[in-house]
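Got chain A sorted already, so can you dock chain B onto it with the hints?
Going down the list, the sequences are from chains A and B.
Quick note: the first sequence uses this note's numbering, first residue 1, plus one each step.
Quick note: the second sequence uses this note's numbering, first residue 1001, plus one each step.
It should be emphasised that the hints constitute simulated quantities derived from the structure, not laboratory data.
Accuracy of the hints is not assured; some may be wrong.
[Claimed, not checked] Which chain B residues face chain A? A few, computed with CB under 7 Å, are given here:
id : residue
1  : F1037
2  : M1044
3  : E1192
4  : P1253
[To be verified] Simulated restraints, written as ranges between beta carbons of each label pair:
id : chain 1 : residue 1 : chain 2 : residue 2 : range
5  : A       : R224      : B       : H1145     : 19 to 25 Å
6  : B       : D1233     : A       : G264      : 30 to 36 Å
7  : A       : Y211      : B       : R1114     : 34 to 40 Å
8  : A       : Y211      : B       : S1285     : 16 to 22 Å
Please read all numbers here as calculations on a predicted model, not as lab measurements.
No residue lacks a Cβ here, since even glycine has one placed at the ideal position from N, Cα and C.
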Amino acid sequence: MAELASIGSYEKKDTGAQPSSRLFWRIGYHTRINLWGLAFVLPTLIFFVVFKYGPMLWAIALSFDSYDMISAPRFVGLDNYRALLSDPIFRETLVNTLVYIGGSTLLLTVSGLGLALAVNTGIPGARHCMTAMFLTNLMPIIAVCLVWRLLLHPYGVVNQILQPFGVGRIDWLTNSATAMPAIIMVTVWRFAPYFMVVFLAALLALPDDYYEAAELDGAGPVRRFIHITLPLLMPTIFFVVVVSALLSARIFLMPYLITGGGPGNATRVLSMLIYETGFSYFKMGQAAAISVVLFAIMLFFTSLQMRLFSRSERIYL
Amino acid sequence: MTSLVAAAPRRPSHHRQVLRLRKAVGLVLLATLAFGFIIPILWMTVMSFQAGEKMFQLRTEWIPSVWHFENYPNALSRAAFAQYFLNSGVVSLAVMIGNVVFCTLAGYGLAKFRFPGSSIVLLLILSTLMLPLEVTLVPTFLVIHKFEWINTYQGIVAPLLIDAFGVFLMRQSMISIPKDYIEAARIDGAGELRILLQIIVPQCWPALSVLAIFSFRDSWDQYLWPLTVVSVDGLRTFPLGLVQFGEDYGNPPTEQMVIAVLATIPVFLLFAILQRSINRGFGLSGLK
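Pulled out of the complex, with its shape left as it was, chain A reads as follows:
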């Protein structure tokens, strides 16, 4: 009886309440539930508008201005872009960035897949080897840079290890021919174990029956790899290519700390140029123009990404 009474009083309170909540109840059960979904997404959406899309639009607008943060922005049309085109340092930096993206994307994909295949051979203890390799991916990037700067010193460990193989002393970081390959090598060391994990997850998810059938038909390991593993892994390979390209496009700290962009400008990349132009020379408009160029590069890879995601629902971090 007491229960009934409480229900009654509850109902009375509800029906006598604000008309706005009545409207809320009238819009239908499913719509109401789905509005909760919007509510969950809203903070993230607002965040991205304020800290991603807003700034990007601002960068595009700013790239037509001359702005030093002291006097008001002044519209200069395409001058910033014209200045970039005629700037040999910018052109060199752009080429460096593309070379770096190309080199590290290729090597990261190949070595990531290679490592994953090596770990996925059913060898006991493979899991521990994988964990050990993955540690390189967890080291703070600043520690990575400082350690490798010393390892790649002319008298450093890399040259000591290469010495028995008859390789002479290489000035890795001060020679313009080896500086970029050295940075790419460090990148591979740092990130390949991560892509190994991505590939490994994909390999473990492959169905066994194809392999059993192929083995019964007498296909060797190489043919099984080419005709079964590779085609099934195509979406993952595509994913890794895009992600490692996006990752390398934004590289900053490695060249900044390991070589300082040198020798000359041999390892200077666009993100370094953005920082220097904006915050050392306070040419905000010019820096924004370089940002737009870097954005265009990333847009290219992201559009590839879009095609990937429309095709497959799987995603890895």
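Here is chain B on its own, set in the frame of chain A:
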């Protein structure tokens, strides 16, 4: 006849021996590879105990003849590294919590609800992967400047607070959870937030662990953004302090390695705590 009988059991054991040998060779090769990968980590650790003057000669004593434990207090006393580590800790914990909370909310909203424009929202969030801080550095700085957050914790944390990758990771880990659980809870009168916390989140620990460690690592070793937004010594994160320390003292390698080791420990520790869960988060539970 007798030879045949005797030969029959020997063949499989011979085969097994070959198999075992192949596995042993494989293990040795794989272990060598893994060892090659962690040489720089070992080198860093060993060097942090090395005598300073030996380091300048870059002679690597793989097992130091004298372990210089005093390198650690020495390095820490040269600059305000306690403060720098504290700043980094505050920033990366805030970023980690922000990512875990908001990516879970947004991931759930995108995985289990169909509101008007939900596919466009998904696309918008995914597209921010091409807008990392390196690209939007200048205007993001101007935004933070407008908010008057230069040289504040919130200024360092704000642009890092949510990452699109995290949203997707959470969405993908929730998308396969059967809708029946959610419907049943709704019929029982559970609120939407309670459904998320008590039914969805417990099934997402692996993805949450992956998200936690990656967002912690990425903000712990973030360099470019604090460099841009911080100009007072008291707010420097440890990467800034470490580079400044190198510039002030002519890059003393031993002491830089000390700080590098100390900086690596928290990430490794977090990984050790979450490791089992992280492996499942990556889908590696089937690995031997």
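Right, here's what the structure says about each hint:
1. F1037: Since the shortest Cβ distance to chain A is 5 Å, the answer is holds.
2. M1044: holds, 5 Å
3. E1192: This interface hint holds because 4 Å falls under the 7 Å limit.
4. P1253: Hint on P1253 (chain B): holds, closest Cβ of chain A at ~6 Å, below 7 Å.
5. A:R224 - B:H1145: 19 to 25 Å: 58 Å Cβ-Cβ, so the 19 to 25 Å window is violated.
6. B:D1233 - A:G264: 30 to 36 Å: This hint holds: roughly 33 Å between Cβ atoms.
7. A:Y211 - B:R1114: 34 to 40 Å: At 39 Å between Cβs, range holds.
8. A:Y211 - B:S1285: 16 to 22 Å: Given a distance of about 20 Å, which is inside 16 to 22 Å, the answer is holds.
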